[in-house]
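Participant: Sequence:
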Amino acid sequence: MALPVKERGWWAKYRDVFRNEALPDFEAEATDIRTCESQVIPGLLQTPEYAEAIFLGGRYEGAEAIQRRVEARMARREILTKFNPVHLRAVIDESVLQRAIGGKEVMAGQLKHLLYMAKMPNVDVQILPLEVGAHAALTAPFMILDFPNPLDPSIVCVETLTDALYLELPEDVQRYSVTFGDVQGSAVSTARSAAIVSDALESLRE
Numbered sequence: 001m002a003l004p005v006k007e008r009g010w011w012a013k014y015r016d017v018f019r020n021e022a023l024p025d026f027e028a029e030a031t032d033i034r035t036c037e038s039q040v041i042p043g044l045l046q047t048p049e050y051a052e053a054i055f056l057g058g059r060y061e062g063a064e065a066i067q068r069r070v071e072a073r074m075a076r077r078e079i080l081t082k083f084n085p086v087h088l089r090a091v092i093d094e095s096v097l098q099r100a101i102g103g104k105e106v107m108a109g110q111l112k113h114l115l116y117m118a119k120m121p122n123v124d125v126q127i128l129p130l131e132v133g134a135h136a137a138l139t140a141p142f143m144i145l146d147f148p149n150p151l152d153p154s155i156v157c158v159e160t161l162t163d164a165l166y167l168e169l170p171e172d173v174q175r176y177s178v179t180f181g182d183v184q185g186s187a188v189s190t191a192r193s194a195a196i197v198s199d200a201l202e203s204l205r206e
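Using our numbering, the letters of the sequence shown map in sequence onto residues 1 to 206.
Among these hints, one or two may not hold up.
[To be verified] Listed below are the simulated DSSO-like cross-link pairs for lysine-lysine, each with C-alpha atoms no more than 30 Å apart in a straight line:
| # | residue 1 | residue 2 |
| --- | --- | --- |
| 1 | Lys112 | Lys82 |
| 2 | Lys104 | Lys119 |
| 3 | Lys82 | Lys119 |
[Claimed, not checked] Computed beta-carbon distance windows for the label pairs:
| # | residue 1 | residue 2 | range |
| --- | --- | --- | --- |
| 4 | Asp25 | Lys112 | 26 to 32 Å |
| 5 | Pro148 | Glu202 | 38 to 44 Å |
| 6 | Gln67 | Ser189 | 33 to 39 Å |
| 7 | Glu105 | Thr160 | 29 to 35 Å |
| 8 | Glu206 | Gln174 | 43 to 49 Å |
| 9 | Glu206 | Asp152 | 47 to 53 Å |
| 10 | Tyr60 | Thr81 | 14 to 20 Å |
| 11 | Ala164 | Gly185 | 22 to 28 Å |
| 12 | Glu202 | Lys82 | 29 to 35 Å |
| 13 | Ala65 | Ala140 | 22 to 28 Å |
| 14 | Pro153 | Glu64 | 35 to 41 Å |
| 15 | Ala65 | Val188 | 36 to 42 Å |
| 16 | Ser177 | Asp25 | 20 to 26 Å |
Think of the hints as simulated: they come from the structure by calculation, not from any bench. These figures come from a predicted structure and were not determined experimentally. Ideal Cβ positions, reconstructed from N, Cα and C, are used throughout, including at glycine.
Required output: the full structure, derived from the provided sequences and hints.
Facilitator: Now the structure itself:
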């Protein structure tokens with residue numbers, strides 16, 4: 001019984017960042033996470049420098065507050081490298097690779113990290129090419145979390161400006177699951193996706 005408590009307790013020291021946000025708890029319990037992102041690299045795959053640049057692009061916050069937010073986001077990433085890690089499937093719009101958040105150097109570091117993470121057996125990264133045009137997920141980015149206990153229903157997380165919206169009704173979860181499946185079908189393979197990310201990285205070096 002002590003192990004789950006230990007796993008869930010790391011974010012207690014970041015209460016000032018998460019406040020009443022339940023996402024870290026859900027992520028720690030999940031076995032599978034599906035995420036569709038059209039604005040930025042998914043938080044679980046971000047580098048500290050990239051995350052900091054995102055926070056600096058928002059409303060003014062002091063340096064200490066931003067550093068706390070960066071540290072909290074980096075701590076969330078541990079679910080991908082712990083023993084029996086979560087399986088992450090991420091579909092990322094190609095436009096995200098072209099948005100040089102933090103400048104070329106920061107973006108290059110982020111793309112290198114994305115390629116590194118994409119090699120992990122529990123991480124699948126697929127790029128949704130711009131040439132696809134209209135697709136099923138022309139909406140707010142979302143995340144679907146699945147849990148090991150069949151009595152715990154899957155949850156959809158849609159982040160908002162202030163916190164996050166959680167959807168648990170079976171019909172809502174089903175709709176988002178179908179949407180993710182459609183978008184994943186429109187995205188290219190993981191191998192082709194790695195090539196697209198590599199090309200974007202090379203363009204930053206020119």
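Participant: For each hint given before, does the structure comply? Return the numbers of the non-compliant ones in rising order.
Facilitator: 10
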